[in-house]
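Kindly generate the complete structure, drawing on both the sequences and the hints.
Protein chains in written order, with numbering that gives the first Met the number 0: chain X, 0 to 359; chain V, 0 to 302.
A hint or two may mislead.
[Unchecked claim] Within a straight-line C-alpha distance of at most 27 Å, the following computed DSSO-like cross-link-like pairs (lysine-lysine) qualify:
#1 X:K102 with V:K193
#2 X:K102 with X:K116
#3 X:K74 with V:K193
#4 V:K193 with X:K131
#5 V:K149 with X:K133
Simulated from the structure, these hints should not be mistaken for lab results.
The structure displayed is predicted, hence computed values, not measured ones.
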Amino acid sequence: MATVSYKGATRRYPGTTRNAVDKLDLEIGDGEFLVLVGPSGCGKSTSLRMLAGLEDVDEGAILIEGKDVTNLPPKDRDIAMVFQNYALYPHMTVYENMAFALKLRKTSKDEIDRRVKEAAKLLQLEEYLSRKPKALSGGQRQRVAMGRAIVREPQVFLMDEPLSNLDAKLRVQTRSQIASLQKNLGITTVYVTHDQVEAMTMGHRVAVMLDGVLQQVDTPRNLYDSPANVFVAGFIGSPAMNIKTVTLGADGARFGSMLMPLTREQVTAAGDGKVTVGFRPEDTDLVAPSEGGLPIVVDLVEELGSDAYVYGHADVNGEQERFTVRTDGRSAPSLGDTVYVKPRGAHHHVFHAETGVRIA
Amino acid sequence: MRHGKYRFVAGFLALPVLLYVFYVWVPFGYSFYFSLTRYRGTDVPPVFVGLDNFTTLFTDTPEFWKALTHNGVILLIMPLVTIVIALIFAFFLNVGGKAKGGVTSGVRGSKFYRLVFFFPQLLALPIVAVLFQSIYRPDDSGLINGALNKLGLPKIGFLIDTNIALLSIIAVMVWQAVGFYVVLFSAGMSSIPKEIYEAADLDGASRWTMFYKVTLPLLWDNIQVGWVYLGIAAFDVFALVDVLSVNRGGPSFSTTVLSMEVVNKIGAGNYGMASAMGVMLFFCTLTFAAISLRVTKRESIEY
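Have a look at this one:
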């Protein structure tokens, strides 16, 4: 158990102009479950590997429990990692896989046995201890990889997309298992994923990255409710938020015939002419034509049973813009219909048209 | 349809099988037959003598036992030394580099070394033998002895000293074979996922532990194949011994091997004895291959 701090940590691959990870500043509390999320190539895995010591830190520092580990080799950092492809030792049994690290530290036989058995029980691997990895299913291998990390009782757990090789159902199941396991063990965990649902459901806090730059770190709730910029707004939430850059009027943003009211402060902060406004598909209502909604021609309806997602386009200030709306599954419109969409209450998000930064 | 498929396959196989039978099995059959006869290779037909040749071989042919012992010594030393050296080189070429960050990088210039190590493999064995004749030459004109002389050290009779002549020849075999096995093991090592090395690194494995506990077991299939190849090569050292050794297997039979003795017996016009030795060589090689495949058998590795 320990705290982890990235202090301006930077990784630059030779021969590239842009930093893979650029001046990352991040404080992770003792026992916290922090998720690094972002599209592929955003530097989340690199950040994790820097913490593991598998990747050099070109600038800045990384501290574990206040101790500078920037130049320590991986084995001296007291961390355990679960790899995407699990990286189990194929020539060792499940038991040997889990015992390997302990054996290398000259832990007594009894102690190794106790800890491996304990982890195996926790992960329901008891009956597989004498098997080789190739005789296990994907989910079982994943649990062995977890077990190998657990028996170490490390200061920090690192997980690099540990669920991406599982099928959808098993992934959901394992997701909650990992989250509750982490809660029980109370070990500081850094978890990398590209799946925002995983990030939102598992993390105490979520760090969103793009192009090597940290965009926002916050609780899942806050990320959803007040995204710091346009990228986070579009990345978090599924289907993605409707984000449009439109003409700014004196009292709000003009979506063609519809006016999205903004406060005086927001109008002032947005500057001149343009403003970026976003509203989530789930924060909209389909209304009668007389209620002043935005008229949208339906292109596609996705029926999910309880809900339906309506994809359509509208003419906004002379441009064809696409919109997504969530509606009740039982009263979904048909293809080609024109529906009137009205964002609900004050759930819309306002961003600066140039910088993309949130305007409160 | 099914019938037609077999005819189709048989059509492709017929010619190779025919060639194989004619050029491999028929000579084998003849050897077995000649080994039971007295035959001088002239127009006098072979005379059937039963197992007489084998009796003579076992009881009254000291050079046969010497040759067999030498093959045995080569079999014990050469594959082991070759594989150990090749493994060490391959490890340095692939994962022996800088410890931090990229765990799997080789030492600096590893591509160049890989090429250089492979050079001896490109030379034909008799050429290697001729090359080493001048390296091993016992007087000042020898590459090694010339250097030793300049340093004021005593000369070494690599090929004329009965105590070290065989070892000198084994050294040449190792020198010639290592390159190929470096490449073989390198290929094996590069197919090991780098995450496994990273996991071992995080688990606290040192360089040596990583080699011993991870690389070696995962390369076992390759090592096994190498062992069998080299073992079989140990039964056929003819080209090297023929060209390199003094008096074809000398001095005083100190470097002779079975294949050399077979040729010597043919030279002496004793085809029956030569064939009997050939048959012994056949069984030795077969036994070795069978035993080594059985002993080193392990379940295959999947990543």
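Hint check:
| no. | hint | verdict |
| --- | --- | --- |
| 1 | X:K102 with V:K193 | holds (22 Å) |
| 2 | X:K102 with X:K116 | holds (15 Å) |
| 3 | X:K74 with V:K193 | holds (16 Å) |
| 4 | V:K193 with X:K131 | holds (19 Å) |
| 5 | V:K149 with X:K133 | violated (60 Å) |
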